[in-house]
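J.: Numbering-wise (the working numbering), the sequence shown opens with residue 1 and increments by one.
Hints in this document: simulated from the structure, not taken from any laboratory. Certain hints may be false.
Computed spacing ranges between beta-carbons, pair by pair [unchecked claim]: (1) S21 <-> R47: 40 to 50 Å; (2) N92 <-> D51: 25 to 35 Å; (3) R47 <-> S120: 21 to 31 Å; (4) P36 <-> N92: 15 to 25 Å; (5) G156 <-> S136: 25 to 35 Å; (6) G156 <-> Y68: 31 to 41 Å; (7) N92 <-> A63: 10 to 20 Å; (8) S21 <-> K125: 23 to 33 Å; (9) E24 <-> D51: 46 to 56 Å; (10) S155 <-> Q205: 31 to 41 Å.
Subject to a maximum C-alpha distance of 16 Å in a straight line, what follows is the list of computed EDC-like cross-link-like pairs (lysine to aspartate or glutamate) [claimed, not checked]: (11) K111 <-> E198; (12) K111 <-> D51; (13) K111 <-> E10; (14) K31 <-> D16; (15) K31 <-> E86; (16) K31 <-> E44; (17) K73 <-> D16; (18) K152 <-> E14; (19) K113 <-> D126; (20) K125 <-> E14; (21) K31 <-> D51; (22) K113 <-> E10; (23) K73 <-> E10; (24) K73 <-> D34; (25) K113 <-> E145.
Here a beta-carbon is modelled for each residue, glycine too, at the ideal position from N, C-alpha and C.
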Amino acid sequence: MRGVSVRLGEYNLELDLDCTSTPEYPMCADKHIDIPIAEMVVHEHYRPFDDNQYNDIALLRLARDIPYTDFIKPVCLPIYPNLINEYFVGTNATTAGWGRTETQRSGSSIKMKVTLPVRSNLDCKDVYASRRVSLSTQQLCVGGESGKDSCKGDSGGPLMHLYTAPGEINWYIIGIVSFGPQICGLNGWPSVYTRVTEYVPWILQHLRP
Numbered sequence: 001m002r003g004v005s006v007r008l009g010e011y012n013l014e015l016d017l018d019c020t021s022t023p024e025y026p027m028c029a030d031k032h033i034d035i036p037i038a039e040m041v042v043h044e045h046y047r048p049f050d051d052n053q054y055n056d057i058a059l060l061r062l063a064r065d066i067p068y069t070d071f072i073k074p075v076c077l078p079i080y081p082n083l084i085n086e087y088f089v090g091t092n093a094t095t096a097g098w099g100r101t102e103t104q105r106s107g108s109s110i111k112m113k114v115t116l117p118v119r120s121n122l123d124c125k126d127v128y129a130s131r132r133v134s135l136s137t138q139q140l141c142v143g144g145e146s147g148k149d150s151c152k153g154d155s156g157g158p159l160m161h162l163y164t165a166p167g168e169i170n171w172y173i174i175g176i177v178s179f180g181p182q183i184c185g186l187n188g189w190p191s192v193y194t195r196v197t198e199y200v201p202w203i204l205q206h207l208r209p
């Protein structure tokens, strides 16, 4: 994909170098890096103009290996049975991105994050029926609290679950921002995410060394 790249280690889009604002303990992150995309694999059953947005998932193969640092690290894939069979209803999950906010209609220059409740798909079924949208088990119903939501510009971003067990504390990606209400952050209007656990076999099938 000529001319298209992935940026890693970014925080503030307006600054070339991200540093803390405390002069007593100055600390700067490594400069962000841009890595070209070598290949994009879109799910073969995804239909971009389908209101239901089933199979809204894709993989990017980068042109070179990623150097892991204190500021660039991978999120874990939920491949273990105790996670892949989990629906996460009643738990909280975190999403992050540079999408629209209440004050920045064109998107935030700083990466924002918000913690949201994972709900039963029945909660989304009731509110999205008016839009003739029907959720499947391959989707997650998330949020629905006033002023807290992913928004335009966040699509494709991660929904992350902090998993803790003896000897392990890791962030796992359980969802991908797909779509939501036209006005973000409406009370009683959750957003819809692609359920990553349903696509683990598809992801593993398309991985290459």
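J.: Could you run down the list of hints and mark each one as holding or not?
T.: Structure-based check of all given hints:
The beta-carbon spacing between S21 and R47, approximately 46 Å, falls within the hinted interval of 40 to 50 Å. About 28 Å separates the C-beta atoms of N92 and D51, a value consistent with the hinted range of 25 to 35 Å. The supplied range of 21 to 31 Å is met by R47 and S120, whose beta-carbon atoms lie about 25 Å from each other. Between P36 and N92 the Cβ separation comes to about 36 Å, which falls outside the hinted range of 15 to 25 Å.
With their beta carbons about 19 Å apart, G156 and S136 fall outside the hinted range of 25 to 35 Å. At roughly 22 Å, the beta-carbon separation of G156 and Y68 lies outside the given 31 to 41 Å, and the hint is violated. Look at N92 against A63: about 36 Å separates their beta carbons, and that is not inside 10 to 20 Å. In this structure the hint that S21 and K125 lie 23 to 33 Å apart at CB is violated, the actual value being about 45 Å.
Separated by about 53 Å at the C-beta atoms, E24 and D51 satisfy the suggested range of 46 to 56 Å. Our hint of 31 to 41 Å for S155 and Q205 is violated, since their Cβ atoms are close to 24 Å apart. At roughly 27 Å between alpha-carbon atoms, K111 and E198 are farther apart than 16 Å, so this suggested pair is violated. The straight-line distance between the Cα atoms of K111 and D51 is roughly 28 Å, outside the 16 Å bound, and the hint therefore fails.
For the suggested pair K111 and E10, the alpha carbons sit about 8 Å apart, so the restraint of at most 16 Å is met. This hinted pair checks out: K31 and D16 have alpha carbons roughly 7 Å apart, not beyond 16 Å. Taken as a hint, the K31 and E86 pair is broken in the structure, with Cα atoms around 37 Å apart against an allowance of 16 Å. Between K31 and E44, the direct Cα distance comes to roughly 36 Å. Violation of the 16 Å bound is thereby established for this hinted pair.
Simply put, K73 and D16 have alpha-carbon atoms about 20 Å apart, too far for the 16 Å limit, and the pair is violated. Restraint check for K152 and E14: the C-alpha separation of about 19 Å exceeds 16 Å, so the hint is violated. Restraint check for K113 and D126: the C-alpha separation of about 27 Å exceeds 16 Å, so the hint is violated. At roughly 39 Å between alpha-carbon atoms, K125 and E14 are farther apart than 16 Å, so this suggested pair is violated.
At roughly 39 Å between alpha-carbon atoms, K31 and D51 are farther apart than 16 Å, so this suggested pair is violated. At roughly 14 Å between alpha-carbon atoms, K113 and E10 fall within 16 Å of each other, so this suggested pair holds. Among the hinted pairs, K73 with E10 is consistent with the structure: their alpha-carbon atoms are about 12 Å apart, no more than 16 Å. This hinted pair checks out: K73 and D34 have alpha carbons roughly 15 Å apart, not beyond 16 Å.
Distance restraint check for K113 and E145: the Cα-Cα separation of roughly 15 Å lies within the 16 Å cut-off, and the hinted pair is therefore satisfied.
Consistency note: the structure conflicts with the earlier hints numbered 4, 5, 6, 7, 8, 10, 11, 12, 15, 16, 17, 18, 19, 20, 21.
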